[in-house]
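The hints should help you fit chain B onto chain A, whose structure is shown.
Residue numbers (the working numbering), protein chains in the order written: chain A, 1 to 203; chain B, 1001 to 1586.
Hints are computed from structural coordinates only; laboratory data are not their basis. Nothing here was measured: the structure is a model prediction, and the numbers come from that model. Hints should not be assumed to be uniformly reliable.
Below 20 Å or equal to it, Euclidean Cα-Cα: the simulated SDA-like pairs (lysine to any residue) are [to be verified]: (1) Lys94(A) x Asp1511(B); (2) Lys94(A) x Gly141(A); (3) Lys94(A) x Glu189(A); (4) Lys94(A) x Pro1176(B); (5) Lys94(A) x Glu134(A); (6) Lys94(A) x Thr1107(B); (7) Lys94(A) x Arg138(A); (8) Lys94(A) x Thr57(A); (9) Lys94(A) x Leu192(A); (10) Lys94(A) x His169(A); (11) Lys94(A) x Tyr121(A); (12) Lys94(A) x Asp1170(B); (13) Lys94(A) x His1388(B); (14) Lys94(A) x Ala123(A); (15) Lys94(A) x Gly1546(B); (16) Lys94(A) x Ala1539(B); (17) Lys94(A) x Gly1427(B); (18) Lys94(A) x Arg1015(B); (19) Lys94(A) x Arg1477(B); (20) Lys94(A) x Glu83(A); (21) Lys94(A) x Arg1425(B); (22) Lys94(A) x Arg111(A).
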Amino acid sequence: MSDIDLLALHGLAIKKSGSAAAVAEVLGLSAEEVQVALDTACADGRAAGAGGTFMVTPAGRTWLDERYAEEFAGLRQNPASAEAYEQFERINRKLLALMTDWQMMPAGNERIPNDHSDADYDADIVDQLGALHERAERPLGGFAELEPRLGRYRERLEHAYDRVLAGEHGWISGARIDSYHTCWYELHEDLLRLLGRQREEPS
Amino acid sequence: MGVSNRILVLDGASRPGRDVVGGKGASISEMRALGLPVPPAFVLPIAECRRFHAADERLEPQVWDAVLGGIEYLEGETGRRFGDPASPLLVSVRSGAAVSMPGMMDTILNLGMTDAVERGLAALSGDPGFARETHVRFCAEFGDTVLGADVDPAGDDATADTVRAAVLADTGRPVPADPHEQLRAAILAVFRSWSSRRAIAYRRHWRIAEEGGTAVVVQAMVFGNLGQQSGTGVLFTRDPLSGALSPYGEWLPGGQGEDVVSGTHDPLPLASLAESLPGVHGQLLEAAELLERHHADVLDIEFTVERERLYLLQTRVAKRSPLAAVRFAADLVADGMIDPGVALGRVTPEQVQSVLSPTLRESAATGGATLARGVPACPGVASGTVAHDTAAAEDADGPVVLARPTTSPEDVAAMIAAVGVVTERGGSTSHAAVVTRALGRPSVVGVGDGETAGWAGREVTIDGTAGVVYDGILPTRTTRAGDVPGLADLIAWARERVQITLAAEHPRVLDLDAAGLRLEPERRSDPAALARAMCGAAAISGSVLGSAEGAQAAVRCGVPVIVPLPGQREEVLLLRLAQAGTGDMR
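So here's chain A without its partners, still in its complex pose (with noise of 0.2 Å):
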């Protein structure tokens, strides 16, 4: 992707309502760039701004959409990018499966909040979590060599993880920072629309 108006309205379609800065954050850009980027959107109506954070509006939405279907055709008809984002899919599910199994834990045959009481329990998700993250190798190393952008997202996790592993918990499934959950989660939306797929939630 080298247009970067096109780029930097998806970064914040992804980051929704953020500065220039946490976009390029996310698209591993300079801010200087998305910020011209993002002006333009807001005076194409694309994006509209105020005190320097930005929000895709409809039409935007609109305009992304359509964008995403003549960039990425390419993409979206490659088997590769479709095997993996198959391979992507199976480990999101067990990762949101053991997200859950992070936050509730059985107790009888119910399930409450983790109350970390267990550190054998607790200890078992990170290690099952660490073993999602080097399988997760495999489909975002495809994902990298088709959209090199997208090797961001590796970054991102490795960091997440490595705090985990330092025994910062916040950094499993945290919602305000930039968490293990929260790269998964924005990495999962990015390649939704990129590949046009839906969201398919587990119920």
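Below, chain B alone, put in the same frame as chain A:
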């Protein structure tokens, strides 16, 4: 015993320590030494892992000979033979480091399974479906754990052949057909896992020495599926949900191992074991009492009955609801197992906060039309006006309940702004469920397509524990300490230990929130900054006192008076302060 010193038989005659045989091996020895029925097992001690790595990941022939000797011991104890279809011995292989750490290999069950053994097991149990399922499970587990295969979970029509083919296609390596090769590969995989990337990264973070290593426990499997005089179950020594004194558990006649845990079959209450096998039931309760006294805590015990013979498979400290945690702590003091100081360390302030949280119990019973039902995703009660989109949720003045078809990352800001969340699609493992739990926002997910369409601007109440959305703002009832069994005792013990006075008001209160030391979610407070602010103050108040760091600083500075903020429960503060006073008791 016919085995060399390269392995240890875990028969309870000696009590090797965790540093020699790992946690699991030590626990099996301990149970055997207590005279409890545990399936026979042997262990390759941690020292063998060191030798293996020192020898460039080669297993010395003497070690393998010793393993074969260990298998002979298991065959002698069980009367079965490894790889013999007529009377098959199956074994499990587990890793066991002195300290548990990430990266160690997971348990593999049912080693020794082959096509012929599957047929033998089908004849033996009279249940070909079960035999096939066990074989499928083994191949999938071996592929996943030893070979690192990433294949879809096996469906109902899977056979050993289809799973083996999928594993081979994914990894280029076959699941061995020979039981001894299976065992050898599993043992090597455990030893290798000591130097897995994750294990190395973890040791680097925590400065754990690279030497060390993991033991390998090899244990005979017992069969709960050999007819109605067999089965499997789990027993909690007390009720882990209500905290009641009576043992609580489940029994699955004719079930094997994970069937209870995995929830694929509907188990019966424990009382039915008392009816069908009263002797076994009595023996189980005796073991439970012995173990509870030995550990001085409430336990869960996984057990299997093979032809009227009881085996204990695993014993752990039971995970418990907040209500049960409070009651257990007080009851174990009454039973003379622990003293009040230990009891105060057995309950977290979060658990006390949870049992004291407002409930809908009465108002939900008396009225409030149900708008929708869904999957309870994050427990708790929340009331507010419904907003459908992020902009509306973020701009609203009063409390807002966000209602969305599904959520995407761009909705996270709105979920933070909202007091509760409802989604139309998705289950308990959806992204929305994960995010709301991380935020502590009560949520109900999967209420159905289009269900929330007309709700904009409407006032609703969410019960995230029951998975119900009510029309209107329902009144909640505050819970008092006296309503919760055991809590009054705990609070009294905490009061005896805390020097700080809690007062409703004070003429000179230092407001820590106003001083810039407000408690931020997902951020740790700086203890030095807290101490600087608190020391010398006549009285303090602040959200940070609800955290361990805040309470520790207050105790260390010898603050004389704390004025709780509105919404800060005295019981929670007292427990925090009592725990801060004695250091970390957990």
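Comparing the hints with the structure gives:
Taken as a hint, the Lys94(A) and Asp1511(B) pair is broken in the structure, with Cα atoms around 45 Å apart against an allowance of 20 Å. About 19 Å separates the Cα atoms of Lys94(A) and Gly141(A), which keeps this hinted pair within 20 Å; it holds. Only pairs whose Cα atoms come within 20 Å are accepted, and Lys94(A) paired with Glu189(A) is accepted, the gap being roughly 17 Å. For the suggested pair Lys94(A) and Pro1176(B), the alpha carbons sit about 27 Å apart, so the restraint of at most 20 Å is broken.
Our distance criterion of 20 Å between C-alpha atoms is met by Lys94(A) and Glu134(A), whose separation comes to about 13 Å. Between Lys94(A) and Thr1107(B) the CA atoms are separated by roughly 18 Å; this keeps the pair inside 20 Å, and the hint holds. Between Lys94(A) and Arg138(A), the direct Cα distance comes to roughly 15 Å. Compliance with the 20 Å bound is thereby established for this hinted pair. With a C-alpha separation of about 34 Å, the suggested pair Lys94(A) and Thr57(A) falls outside the 20 Å cut-off, and the hint is violated.
Taking the CA atoms of Lys94(A) and Leu192(A), the gap is about 18 Å. The hint holds against a cut of 20 Å. Simply put, Lys94(A) and His169(A) have alpha-carbon atoms about 19 Å apart, close enough for the 20 Å limit, and the pair holds. Distance check on the hinted pair: Lys94(A) and Tyr121(A) sit about 17 Å apart at the alpha-carbon level, within 20 Å; holds. Our distance criterion of 20 Å between C-alpha atoms is met by Lys94(A) and Asp1170(B), whose separation comes to about 18 Å.
Pair hint Lys94(A) plus His1388(B) does not hold up; C-alpha atoms about 29 Å apart against a cutoff of 20 Å. Restraint check for Lys94(A) and Ala123(A): the C-alpha separation of about 17 Å stays at or below 20 Å, so the hint holds. A C-alpha spacing of about 34 Å is found between Lys94(A) and Gly1546(B), which places the hinted pair above 20 Å, so the restraint is violated. Among the hinted pairs, Lys94(A) with Ala1539(B) is inconsistent with the structure: their alpha-carbon atoms are about 50 Å apart, more than 20 Å.
For the hint pairing Lys94(A) with Gly1427(B), the CA-to-CA distance comes to about 14 Å; that is within 20 Å, so the pair holds. Among the hinted pairs, Lys94(A) with Arg1015(B) is inconsistent with the structure: their alpha-carbon atoms are about 39 Å apart, more than 20 Å. In summary, the hint linking Lys94(A) to Arg1477(B) is not supported, as the alpha carbons are separated by about 39 Å, beyond the 20 Å threshold. For the suggested pair Lys94(A) and Glu83(A), the alpha carbons sit about 17 Å apart, so the restraint of at most 20 Å is met.
For the given pair, Lys94(A) sits about 18 Å from Arg1425(B) by alpha-carbon distance, which is consistent with the 20 Å threshold. Among the hinted pairs, Lys94(A) with Arg111(A) is consistent with the structure: their alpha-carbon atoms are about 18 Å apart, no more than 20 Å.
The structure shown violates the earlier hints numbered 1, 4, 8, 13, 15, 16, 18, 19.
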